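Model the placement of chain W on the given structure of chain V, informed by the hints.
Respectively, the protein sequence lines represent chains V and W. Residues 1 to 599 (our numbering) are what the first sequence spells out, left to right. Residues 600 to 1194 (our numbering) are what the second sequence spells out, left to right.
No lab work stands behind these hints: they were computed from the structure. Because the structure is a prediction, the values reported are computed rather than measured. Any given hint could turn out to be false.
The calculated DSS-like cross-link candidates involving lysine-lysine, where the alpha carbons are at most 25 angstroms apart (straight line), are [what the hints assert, rightly or not]: (1) 233(V) / 919(W); (2) 829(W) / 784(W); (3) 784(W) / 30(V); (4) 614(W) / 601(W); (5) 605(W) / 919(W); (6) 104(V) / 601(W); (7) 104(V) / 605(W); (8) 366(V) / 1046(W); (9) 928(W) / 233(V).
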Amino acid sequence: MGMRHGGRGITIESARNQGETLRQLLAYLKPYTLHLVGVFLLVVVSTLLTLAGPLLVAQAIDRYIVPGDLAGLTRVAVILLGVYIASSVFSGAYSLLMVHIGQKLILDMRSDLFRHLQTLSMSFFDQHETGDLMSRITNDTDTINRVLSSGVTQLAANLLQIVGIFIAMIALSWQLALSSLVILPLMAVITGAIASRSRSAFRDVQRTLGTMNASAEENIAGVRVVQAFAREKETIDEFRAINRENRDAGVRAQQIVALLMPLIDVMSTIAIAIIAGLGGWLTLRNALSIGVLVAFITYVQQFFHPLRQLSQLYNQLQSALAGAERVFEIINSAPTVADKPGAKPLPPIEGRVTFEHVTFGYEPDKPVLVDVSLTAEPGQTIALVGPTGAGKTTIINLLSRFYDVQEGAIRIDGYDIRDIQQESLRRQLGIVLQDTYLFSGTVMDNIRYGRLDATDEEVIEAAKLANADQFICRLPQGYQTVISEQGSNFSQGQRQLIAIARAILADPAILILDEATSSVDTRTEMHIQEALQRLMQGRTSFVIAHRLSTIENADQVLVVNDNRIIERGSHRELLEEGGFYHDLYMSQYRRLPGLVEAG
Amino acid sequence: MKSLRKIVRYLAPYKGWVFAGLGLIVVETLAQLGVPRVLQFVIDKGITPQALNIVLIGAGGLIALALAGALVTVLRAFYTARFSQGMAYDLRNDIFERIQTFSFSNLDQMQTGDLITRVSSDVEMVRMFTSMGFMMIVRAVVLLLGSLVFLVATDPGLSRIMLVLIPAVALIFWLLANVTRPLFKRVQELLSRLNTVVQENLAGVEVVKAFVRERYEINRFEDANEAYMKQAVRVNQLMSGAFPLVLLIANLGTLAVLLLGGREVIGGSLTVGELVAFTNYLTTAMFPVVMLGMILSMLPAADASSERILEVLEAEPDVKERPGAVEAKLTGRVTFENVTFNYNGNADAEVLRNINLRVEPGQRIAVLGATGSGKSTLVNLIPRFYDVTEGRVLVDEYDVRDLTLHSLRSQVGIAMQQAVLFSGTVAENIAYGRPDASMEEIIAAAKAAQAHDFIMRMPEGYQSHVEARGANLSGGQKQRLAIARALLVDPAILILDDSTSAVDMETEYRIQEALDRLMENRTTFIIAQRISSVLNADQIIVLDRGEIVAQGTHRELLKSSPIYQEIYYSQLRDDSVIDVAVSDNNRHGQVERQE
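This is chain V alone, in the form it adopts within the complex (with noise of 0.2 angstroms):
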């Protein structure tokens, strides 16, 4: 909506530390030293070979050809041809083996991505965008892939080369050696001039690249509403504005980028023109052969061959850093709630929750929750009611520890949840969402997402016990039947059975139900009433709903109203107490007496 650049907390501003980015990133490369080592010893090998090839050309031109030795020719041929098959292979093996490694590597920095961002805390996901997040899963990673799997393998054989030329060449000749290494400060100069340059612009290229995906997974998840709303054409001018950002960003990237190579071939190219002159001026005095000089000459070229290699790598490294840089952001991001060092597995529990003086914000000074004290005994059922927004589900976030209170409390069976292992309180939860999500799939697939281990038998019975095993059976492929994305092909309603199912599934100590039922009809809600009331029986449960009639039940009603807790106690009680409870209650029927003539 053209408003992403104003977004609180979108960007994580980096420490832009490239040393500490290399580091780490090379630290991905250590469960790889023996192969690493593997690959460079093959690359010295191979370089060698290379290197061997002029030599011996230069050789069969001035010790044979001109001479006019034949049978030499032919030996020094047969050495040739045996050099260049074990080059081939050589170089052959080390691709193979970098290829593999390089790729193994990004298959491990990926999974720790997506493995650290499955501990991080609510509050991360509420700020970062979901395709965003893919562009760094991906394409950040992708282009770190890029610059590796063919970078080091270049960097070894190129280092290689500049050493073994180097010295070949003072063989040759050191005066014309010395004289050619003159330009490689300026060299060095212009490269670190022009990476300079080329890191922030990659930057810009990786971070354009995020918030376009980021636009397009938005507004692709979003389609619907968009044509609901026939806003097809501002989408569109939004996303081309994002794209655009995006193009000019690369645009200047390469730009950038392709100012290094012609820099450098010119410098080469004066390099060698001065050794041809001078080269051409000893001759002349007799200080240097012909031969030695065209040989001279070949390896000039080679020689500056691997240093602008080099150079263009660096500039690579650039856009790996950028990218690693963006997936390092995520992977040194700490959760918010995270388990204490020594947290011990909350073991199995009777159900008794207490909020002791509880206070709470999603932001810090601005809170949610105010001083908010509530017991559940084991197996009471607790409704929470209150207008739209009071902080009723802000209490089921807590309970669940999605985020952690600031001030106050909560306890299961005397533990604070803060001292125990996040996820064995989450697995004695059994929570049914206001947004019901599903995941593709099959229904039966999406059910047992619940209890992973449950078999085709426990599922079905769970569907049953959520009235949901009807609709299912009508479905064209039964259970089997394939859920689109987000469910779209099933209404609010049917989705919501589902997850009850799920949470049936589950078997969990406490329940909470976060207006599970809303969407589902009065009749079918009356059955699964009974469903719920036999799977509350026996375990803590926490209700919230907005019809009232799901609540009549419960041992304890909260009202919830302006970040605290105003009224307590059952159903008629509060009834008679003739409070806040009691209007809102009234606001179902005020339209009643209409009907209640009418019929």
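What follows is chain W alone, placed relative to chain V:
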């Protein structure tokens, strides 16, 4: 390479830059070809006869050539960046635009993660090909031709060696392209799968956390990650194995030249300088051959991605505007004539059967029915999210298929079951359907939807940011923003599809009151579970398994329809509640009469 050929047409708008780039690369390559020529000149005419001035002239020539070459190279690279990025930009826009035209039935069968992969990764594959591949092909061809000319000029006999080398290399790459083409397609498909897993995981992160399924999700991800990696390794190893082979062939060429040329030098029919030059030219000639091979190996990857792009670009939306579709100002009469509907032509599972319905402008119609009875499907046919299977839906006197989609949809306001919000401010979200709305209008709509009060309590009021997945809003708040959004469109037809399910009753009651005022001149469809939401409707229809089983006003239905009675009384189970309610209403003086 059919797909790639079609995609390359996207370069048409950048013809100027493309041709400039191609022209420059010819110049650049010729300059490059000149270098060995000048070197040979220096060796043969300068060094060998020991003529220093020739050596110096030659060296100067080399530098001049290099400078000119550099200038041309930079210019060429600038143009290349422009047209390759420009083409990627256009492609992305077109894919995105096409996705926006897909009907709901198209979308039901697609996955966001897959579509995003096509927008980003597949376009990138094609872009890299046009950016590098294109130029490299021209460069390779020029280099090859140029070197061939020089080779032949230097020694026609020796040049025949190329007749063996080139076909050998070509064969290798032809084979390679054919083998890798389907493999590359698979790589991109697996990347799509990976993206889909990630996208779903992030969109459903609350469920993942609630059910402690992180480990399961990690397994799902790692399966996808590994499948992708394995495929990528397979393809890349094939490609990297080919390179040493081609190198070997090139080297064998050099060897042959040395042997054969050496004989000629010994025989006196070739100078040493010529032999050196020939070897140089051969290296220069083999370089483009190897290069061509590299490009040709990028070709199957680009082609596979092109195919995936075309799959989107060439997919036909199921709901399309007819030629000659008209724009019309609608009053809001809605008629269903014998409407039957099933998803994706699945005749076994009819979702709606033989629906007949007539709603006059300004009427309020309520739709009740069990979960999955077809309520949402029914209203989705009005803005033409799906097309009917049989029969027709009319708005005023127009078949909805005869209206332009924009004209139809901009006059239908809908608040859907799931309140999808977009990143941006609260105000921008409300004004989603009418970006030009004034702040006063936005506030008025928010007030009617009972959203104003909570918005004002947010840190920055209407300028507060809506977080990803609307995480900083409760379900009921999201729904109220969605209602405000629908109201602001000021539609002739308003559809509220179970859009107050998460709103508390008091608030809902106030929304109802506001709607009573606002809905006067518009036709309103309400899908609701709460009977209190539908009491004042001019017509109530009850759907059961896709058929209308009862139709009438509340009073009529309460008398005549057992199914309606059942729904009604199921919500009023507790008689004492009614008593309290009644006495309460009397106390507040809000009840006129009561039996």
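Each hint tested on the structure:
Between residue 233(V) and residue 919(W), the direct Cα distance comes to roughly 16 angstroms. Compliance with the 25 angstroms bound is thereby established for this hinted pair. Distance hint between residue 829(W) and residue 784(W) is fulfilled; the C-alpha atoms sit about 14 angstroms from each other, no more than 25 angstroms. The straight-line distance between the Cα atoms of residue 784(W) and residue 30(V) is roughly 32 angstroms, outside the 25 angstroms bound, and the hint therefore fails. Proposed proximity of residue 614(W) and residue 601(W) is supported: the alpha carbons are some 20 angstroms apart, at most 25 angstroms.
Restraint check: the Cα-Cα separation between residue 605(W) and residue 919(W) comes to about 24 angstroms, which is no more than 25 angstroms; the hinted pair holds. Restraint check: the Cα-Cα separation between residue 104(V) and residue 601(W) comes to about 33 angstroms, which exceeds 25 angstroms; the hinted pair is violated. Taking the CA atoms of residue 104(V) and residue 605(W), the gap is about 35 angstroms. The hint is violated against a cut of 25 angstroms. Only pairs whose Cα atoms come within 25 angstroms are accepted, and residue 366(V) paired with residue 1046(W) is accepted, the gap being roughly 23 angstroms.
With a C-alpha separation of about 20 angstroms, the suggested pairing of residue 928(W) with residue 233(V) holds against the 25 angstroms cut-off.
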